[in-house]
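If you read the protein sequences in the order shown, they are chains A and B. Under the working numbering, the first residue of the first sequence is numbered 30, with each subsequent residue one higher. Under the working numbering, the first residue of the second sequence is numbered 5, with each subsequent residue one higher.
If you are wondering where the hints come from, they were derived from the structure by calculation, not from laboratory data. Here the structure is a predicted model, which means the values were calculated and not measured. Some clues are possibly wrong.
Below, a list of computed lysine-lysine pairs in the BS3-like style, where the Cα atoms sit at most 27 angstroms apart [as the list claims (entries may be wrong)]:
no., chain 1, residue 1, chain 2, residue 2
1, B, K10, A, K682
2, A, K131, A, K149
3, B, K124, A, K581
4, A, K131, B, K137
5, B, K124, B, K47
Short, incomplete list of chain B residues facing chain A, as computed with Cβ under 10 angstroms [unchecked claim]:
no., residue
6, I7
7, D9
8, D19
9, A63
10, W104
11, F123
One side only, chain B facing chain A, incomplete, derived with CB under 8 angstroms [to be verified]:
no., residue
12, H34
13, A95
14, V99
15, G102
16, R111
17, A130
Glycine included, each C-beta is placed from N, C-alpha and C at the ideal position.
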Amino acid sequence: MKALRLLSAIAGRLALCATLLQPAASQADTYEVKLPPELATAPRMCDYAPCKDVIPGATTFSERKGQPWYVEAYKDEAGQKKLLGYVMLSTDITDIPAYSGKPVVTLIGMDTAGKFTGVKILKHSEPILLLGIPESALVKFNNQYLGKFVGDNIEIGKSRPEENLIGLDAITGATVTVIAQNQVMMTSGSEVAKQVGILKPVNRPQARFPVSTATPSWADLVADGSVQRLTVKPEEVGLKSDGRPYMDLWFGYLNQPTIGHAILGKDGYDSLMGRLKEGEHAIFIVANNSMDSFKGSGFVRGGLYDRVQVRQDKDGFTFRDLDYVNLWGISAAGAPAFNESAIFIIRGKSFSAAYPWKLVFLGNKIDKETAAKTFANFDREYWLADKYLEGGRPVVVKPDPTWLKVWKDKVVEIIAFTALLLVIAAAYASRDKLVRRADRKNKWPVNAFKYTGWVLSIGFVGFYAMAQPSITQVLTWFHSLLFQWKWELFLSDPLIFIFWIFIIVTVFVWGRGLFCGWLCPFGSLSELLYKIGQAVGLKRFQFHLPQALHDKLKWVKYAVFFGLLAVSFFSMGLAEQLAEVEPFKTTFLVGLFNRSWPYTLFAGGLLGLSIFTERPFCKYLCPLGAALAMPTTFRWFGLKRKDECTSCKACAKGCGSLAIDTKGNIDQRECMLCLDCMVLYYDDHACPPLAQERKRRDKAGQPLTPINGKGYFIPIHPAPANTKKEGAAA
Amino acid sequence: MTIADKNELRHPPYDQASGFGWLLAELRDHLWPWAGKGQPARKAIQGAGFALALAATVAWVMAALGHLSAGAIIGWWFGWSVFEVLVRLDAKPYVKEGPWWGHLYRRASVMDMLCYVSFKNLLIGAALFIGLKSAGILQL
Numbered sequence: 030m031k032a033l034r035l036l037s038a039i040a041g042r043l044a045l046c047a048t049l050l051q052p053a054a055s056q057a058d059t060y061e062v063k064l065p066p067e068l069a070t071a072p073r074m075c076d077y078a079p080c081k082d083v084i085p086g087a088t089t090f091s092e093r094k095g096q097p098w099y100v101e102a103y104k105d106e107a108g109q110k111k112l113l114g115y116v117m118l119s120t121d122i123t124d125i126p127a128y129s130g131k132p133v134v135t136l137i138g139m140d141t142a143g144k145f146t147g148v149k150i151l152k153h154s155e156p157i158l159l160l161g162i163p164e165s166a167l168v169k170f171n172n173q174y175l176g177k178f179v180g181d182n183i184e185i186g187k188s189r190p191e192e193n194l195i196g197l198d199a200i201t202g203a204t205v206t207v208i209a210q211n212q213v214m215m216t217s218g219s220e221v222a223k224q225v226g227i228l229k230p231v232n233r234p235q236a237r238f239p240v241s242t243a244t245p246s247w248a249d250l251v252a253d254g255s256v257q258r259l260t261v262k263p264e265e266v267g268l269k270s271d272g273r274p275y276m277d278l279w280f281g282y283l284n285q286p287t288i289g290h291a292i293l294g295k296d297g298y299d300s301l302m303g304r305l306k307e308g309e310h311a312i313f314i315v316a317n318n319s320m321d322s323f324k325g326s327g328f329v330r331g332g333l334y335d336r337v338q339v340r341q342d343k344d345g346f347t348f349r350d351l352d353y354v355n356l357w358g359i360s361a362a363g364a365p366a367f368n369e370s371a372i373f374i375i376r377g378k379s380f381s382a383a384y385p386w387k388l389v390f391l392g393n394k395i396d397k398e399t400a401a402k403t404f405a406n407f408d409r410e411y412w413l414a415d416k417y418l419e420g421g422r423p424v425v426v427k428p429d430p431t432w433l434k435v436w437k438d439k440v441v442e443i444i445a446f447t448a449l450l451l452v453i454a455a456a457y458a459s460r461d462k463l464v465r466r467a468d469r470k471n472k473w474p475v476n477a478f479k480y481t482g483w484v485l486s487i488g489f490v491g492f493y494a495m496a497q498p499s500i501t502q503v504l505t506w507f508h509s510l511l512f513q514w515k516w517e518l519f520l521s522d523p524l525i526f527i528f529w530i531f532i533i534v535t536v537f538v539w540g541r542g543l544f545c546g547w548l549c550p551f552g553s554l555s556e557l558l559y560k561i562g563q564a565v566g567l568k569r570f571q572f573h574l575p576q577a578l579h580d581k582l583k584w585v586k587y588a589v590f591f592g593l594l595a596v597s598f599f600s601m602g603l604a605e606q607l608a609e610v611e612p613f614k615t616t617f618l619v620g621l622f623n624r625s626w627p628y629t630l631f632a633g634g635l636l637g638l639s640i641f642t643e644r645p646f647c648k649y650l651c652p653l654g655a656a657l658a659m660p661t662t663f664r665w666f667g668l669k670r671k672d673e674c675t676s677c678k679a680c681a682k683g684c685g686s687l688a689i690d691t692k693g694n695i696d697q698r699e700c701m702l703c704l705d706c707m708v709l710y711y712d713d714h715a716c717p718p719l720a721q722e723r724k725r726r727d728k729a730g731q732p733l734t735p736i737n738g739k740g741y742f743i744p745i746h747p748a749p750a751n752t753k754k755e756g757a758a759a
Numbered sequence: 005m006t007i008a009d010k011n012e013l014r015h016p017p018y019d020q021a022s023g024f025g026w027l028l029a030e031l032r033d034h035l036w037p038w039a040g041k042g043q044p045a046r047k048a049i050q051g052a053g054f055a056l057a058l059a060a061t062v063a064w065v066m067a068a069l070g071h072l073s074a075g076a077i078i079g080w081w082f083g084w085s086v087f088e089v090l091v092r093l094d095a096k097p098y099v100k101e102g103p104w105w106g107h108l109y110r111r112a113s114v115m116d117m118l119c120y121v122s123f124k125n126l127l128i129g130a131a132l133f134i135g136l137k138s139a140g141i142l143q144l
């Protein structure tokens, strides 16, 4: 307990320091704010939310209504209430998470013509908006929606009038956040617009069913997809397991005669179809052994079943008490037992069984720490098999998932970046050839690749693509691995995704040096400044720390890494704040002169120091470097050493990374793979044992044989007399 | 080889084995931190190590039975990992040098052992954690 208290106190102190150092944080006034609990449930939502801010001129508001919820906004006009528009809370409608994994709680206003009138962020958990990018950037982004029609095709990126697509300017460095926010805006707006009649439902051709006498069993129906299962685990809604699923639903479409007969029997099917009017559809749902009821508290919310609905593309279909029919039993052989059942009638005319649809279970996720409920939905797709549709399934073009759209939009950058990584990796893999062509005075065969890597990583990867890897990604991965892994989250930033695959592979093959020493944008900038300093006459001011001091200070970065990792278990938000020890956001994402002075001073100070000493941040502070150094212990292929290296200090003297110890061994965790020592290794004028041998052979008049892979001249052995041959010749 | 000083190289008892036998010996070496035949160890550390390993195993079993929270099992695993570093530094003070399929080993510094144990146990822990979570036993 004492240790915990101590850690908590340290975390508190660190948080205080972080807060004092971050004036920008004070501007982030909706970051993780505590919202009134009534906001999520109270009928009079606008008593708890600034609804007037998102629909100018409104004076009164209705209670929550509809499914999903919205509020009507009125203004007084000559004593009469005139409908001005609608206000919706995004989390009443969708649970789309942003980069943090949590939704951005947004209040949205829309007029009666379906145009957005206001957007207000009530709460967000986006670390980048807390520290890197001012929250005003998200406000500015949201303001782009004002006056735009909810039915328009609005996406992030450039407008494409030929495709009827309206583009919105993204927030540089927060792509995932704005993509999620766009989905939130458009989903929320169109859900309400459809309910109030602004957006008309899509008319889909109705399905026609072939005649069949088959009577499939339950197992057959499950196998061909005619019956689907939707399971929600207790942990997915924040509950403790008692061995049962929170919700375990079997469902299927009943109008199809073969399926309907199998589920209801002939009489039941005929009776049900007799009740349905043209264009109406029936589905069944059964549940067994679930922790909760799928019918839920339906009649509390104005006669609506508020836990299940059907969605087809963008159209939603909800059920009222009049849409409910009892289901007494299932005829299909082998059907499971159930303790809750229902037949629901879909009355929306746009629904068509020929096209895929989803059963959606609408749940609430309970936050374990705060006990606050957040909206969460779970769905399962259903599409009749070819054999149950006359003419088979129609062709349906499904929209690309968001991450795929991002990949398609950035295809040129992705190709260029991948090419850069492959070229650098290929160059490094050919290091033996390159270092043999170089010598102590001319290292260009190696440096041409390395310097090209630096320049491109600084300009293209860092400043242009903002793909600087960061320790926050490692922490996010670590937590995702333990808590909830979402590929979409990582795929949404393609360059970072590709970079990490490259980093992981190369760390195990060659060690962290290829990334840190050749491709890290900040590391490259840091060393480039050092080289420029050298070139412009500052060499006499440049210095390395004494080896003994370096050997102590190098541990600081590991302490920083483990500190961040430990803090992240208590508070990911605090860990994200403390990760500002990396000056990457300031340098590449936001810009040195776009942040408050403590950040600028820190990043500028490190870069300034880099002119005089090589890579001070990489050597002593970088938590990412520390995280990568640890697996580097097991890299497969290291640099070469000779027996003489134990006593000869030639390489150690020239090692900018101070990675060669007194015994001549290379500390692979500290090595940046600059290859300077490898150039010396083959240089018969610089490597003392080689130079000595060269001089000896010169003196003895012996030829200089090629240098072998072990870094020595190939020995000269007198050729043995070939007596056999000579004998034969004689 | 990054090692210049050949005195740094080590030879575990099984380094002359080959093929499947060597792979099995490697696996055992990764999973069994205590000294084996031909490896010296202090009995006190070995005994305490056995006790703590037993406690860590009980913790995992409790987690598998749903009686231990995620935080507690992470705590236990971390505690055991720290102790495993001490045990290995005493009983098996070497780490692999070069590719995993190679037969070269070197003397392990404290940092080498920290890196080795933390990385190995991260992989083992993640596998067990994901396994228990997938089985619906462990909740987060």
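Hint check:
Restraint check: the Cα-Cα separation between K10 of chain B and K682 of chain A comes to about 21 angstroms, which is no more than 27 angstroms; the hinted pair holds. Distance restraint check for K131 of chain A and K149 of chain A: the Cα-Cα separation of roughly 17 angstroms lies within the 27 angstroms cut-off, and the hinted pair is therefore satisfied. About 26 angstroms separates the Cα atoms of K124 of chain B and K581 of chain A, which keeps this hinted pair within 27 angstroms; it holds. Taking the CA atoms of K131 of chain A and K137 of chain B, the gap is about 21 angstroms. The hint holds against a cut of 27 angstroms.
Restraint check for K124 of chain B and K47 of chain B: satisfied, since their Cα atoms lie roughly 24 angstroms apart, inside the 27 angstroms limit. Interface restraint check for I7 of chain B: the shortest CB-CB distance to chain A comes to about 5 angstroms, inside 10 angstroms, so the restraint holds. At about 4 angstroms, the closest approach between the beta carbon of D9 of chain B and any beta carbon in chain A falls short of 10 angstroms, and the interface hint on this residue holds. Interface hint status for D19 of chain B: violated, as the beta-carbon distance to the closest one in chain A is roughly 17 angstroms, over 10 angstroms.
For A63 of chain B, the suggested interface contact is broken, since its CB lies about 16 angstroms from the closest CB of chain A, more than 10 angstroms. Because the smallest distance between the Cβ of W104 of chain B and any Cβ of chain A comes to about 7 angstroms, under 10 angstroms, the interface hint for this residue holds. Taken as an interface hint, F123 of chain B checks out: its beta carbon lies about 6 angstroms from the nearest beta carbon of chain A, inside 10 angstroms. Interface hint at H34 of chain B: violated, since its Cβ lies 12 angstroms from the closest Cβ of chain A, which is beyond the 8 angstroms cut-off.
Proximity of A95 of chain B to chain A is violated relative to the hint, the smallest CB-CB distance being about 19 angstroms (cut-off 8 angstroms). With its C-beta approaching chain A no nearer than about 7 angstroms, V99 of chain B sits inside the 8 angstroms limit, and its interface hint holds. With a least beta-carbon distance of about 6 angstroms to chain A, the hint placing G102 of chain B at the interface is held under the 8 angstroms criterion. Hint on R111 of chain B is violated. Least Cβ distance to chain A is approximately 10 angstroms, over the 8 angstroms limit.
Because the beta carbon of A130 of chain B sits about 6 angstroms from the nearest beta carbon in chain A, less than 8 angstroms, this interface hint is met.
The structure fails hints 8, 9, 12, 13, 16 (numbered hints given earlier, in ascending order).
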